[in-house]
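**Q** Residue numbers (my numbering), protein chains in the order written: chain A, 1 to 275; chain B, 1 to 262.
These are calculated hints, taken from the structure and not from any lab test.
All C-beta atoms, glycine included, are put in the ideal place defined by N, C-alpha and C.
Among these hints, one or two may not hold up.
[Said to hold, decoys possible] For each label pair, taking beta carbons as the anchor points, the in silico distance ranges come out as: (1) A/Ala55 x B/Phe177: 52 to 60 Å; (2) A/Leu69 x B/Phe177: 32 to 40 Å; (3) A/Thr182 x B/Phe228: 50 to 58 Å; (4) A/Met263 x B/Ala152: 41 to 49 Å; (5) B/Pro7 x A/Asp241: 52 to 60 Å; (6) B/Ala152 x A/Thr264: 13 to 21 Å; (7) B/Pro7 x A/Arg54: 42 to 50 Å.
[What the hints assert, rightly or not] From the derived model, a few chain B residues whose C-beta atoms are all more than 10 Å from chain A: (8) Leu24; (9) Thr39; (10) Val180; (11) Asn183.
[What the hints assert, rightly or not] The calculated DSSO-like cross-link candidates involving lysine-lysine, where the alpha carbons are at most 30 Å apart (straight line), are: (12) B/Lys174 x A/Lys3; (13) A/Lys134 x A/Lys118; (14) B/Lys52 x A/Lys118.
Residue-level listing of the chains:
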Amino acid sequence: MVKRFAGWLMSTPATLLVLLLLLVPVAATIAATFGDARGPFAPYADFFGSAFRRAVLWRTIEIATITTLIALFVGFLTAFVVSRAPGRLKSILIIAAVFPLLTGVVVRSFAWLIILGKNGILNNFLLWLGVTDKPFAMLYTEGSVIVAMVYLFVPLMILTLVGVLEGIPDDLLQAASSLGATPAATFRQVVFPLAVPGLIVGAVLVFTGSFTSYATPQLLGGERQMVMGTLLYQRAMVAFDWQGASAVAAIMVVVTVSVVLGMTRIARRLNPMSS
Amino acid sequence: MKQPLHPALIAFAVVVFFFLVAPLVIILGAAVSDTTFLTFPPKGFSTRWFVKIFEMAAFRRTIVTSLEIAFLATGLALLFGLPAAYALNRYRVQLPSWLSTVFVLPILVPEIVLGFSLLKSVAVGVDMPVFATLVAGHTLIVLPYAVRVISASLSSFDFSMEEAAISLGSPPIKTFFTIVLPNVRSAVIAAFILAFITSINDVSVSLFLTGPGVSTLPIQILAHVEQFFDPVIASVSVLLMVLTVGVMAVVELTLGLTFLAK
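If we strip away everything but chain A, and leave its shape as in the complex, we get:
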């Protein structure tokens, strides 16, 4: 009798934890946006009625999309080199990718403050080169946020893709080249299609990660480059507009969940192994 419920008995505490600390609070946040005294969609009307907040949503999507595309390109080529590197070198390269990943977001974003600041390394270097005679204002631009985000997410992309690329047998590449394919053609027609499921997983991780980030846009974008994460914080903790903050939170959940579900569907359809 006990045996029949043993599985439930052991999994229930963890399930309850997720239920009470995640499902109920998040559902309450989303439900609150429909319970406004001025009507069920008032917080959304506020959000989309404000040119500033629409711009924030658009900027966040733009930053996340550009970051994802750059991370895909950089991560894929680098992961390919890593996956073909000889054993010992490969371990060193993987360590070099894991280390930044385990270093916190705040630390890694802070590094870019030192690099991109008015008296930062890059400006000093450009002055020294004589490219310019007065420092560029690089911080608090969309570009600085994107650079730091790419830095943040490239290691994740590399590690996701190395695993996938290592699964492609060397014989397959040799077969392609012995059948007359140039290295570029092999890369395009054999390696790339086989890596598509991994690329989609990586893209989902990077897009959702950068779409919902807080610390990086806060440090490198400030008030001038407000994104959904910093807007949520500003609404909740500075303006004490919890209804407005809840609407931002609900929109973030909807975007994230639709990207995850949509991309998973595409991944299933594109997977060359499944058909």
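Place chain B on chain A using the hints.
**A** Showing chain B alone in chain A's frame:
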């Protein structure tokens, strides 16, 4: 024989790895600079900014709080997650398939939304003390590591070994600790480490849950950067990196780091 890589591709990878490592070297340089402002390459050499961290009460306090929260949250996540991971594999037939999806949710839902929702429903809603709410929030976000990493390892465990021990008269609880647990030891260590690092570095959840007198190190760093731009932050960052190196050394010694790429 492996196909040789195109030199341009290798050069590209070299540049990428330079891009990955250089910012961390810059922090290291800025931390030992003998100046009152952040600069690289360092001017002079001084360790005074490391001493300064421990002279500042706010940093001393938040370092201790962050470590306490990380240990408690990781411990709790293992306590909740280990039985769940075991049940998901051992009683796979008897449990519904959606159950394992439940433990992906803390990763799927944006952390900053979680932080805000916990503030509304738990910190304010049930008036939980600040420290307890922080521990609860961190336990939630590190739970997926405990469940998924251990579950992945248990999925290749042969449960007939456990049944053999039990049929030979070993009590079930004792069997779990002497037969099952030793076989997934490395997964438990990996889960512990990933969870611990995630908790120590967390910003988005802690952001909403810190309260008067109780804050975590990353939140304190963010607050400090907004007012001062001195090498203290660089030296705190180095401290965090040293912690990461220590953790990586443990992983390397127990599992091999390539484990993390799988």
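**Q** Against the structure, test the hints numbered earlier, and report the numbers of the ones violated in rising order.
**A** 2, 4, 8, 9
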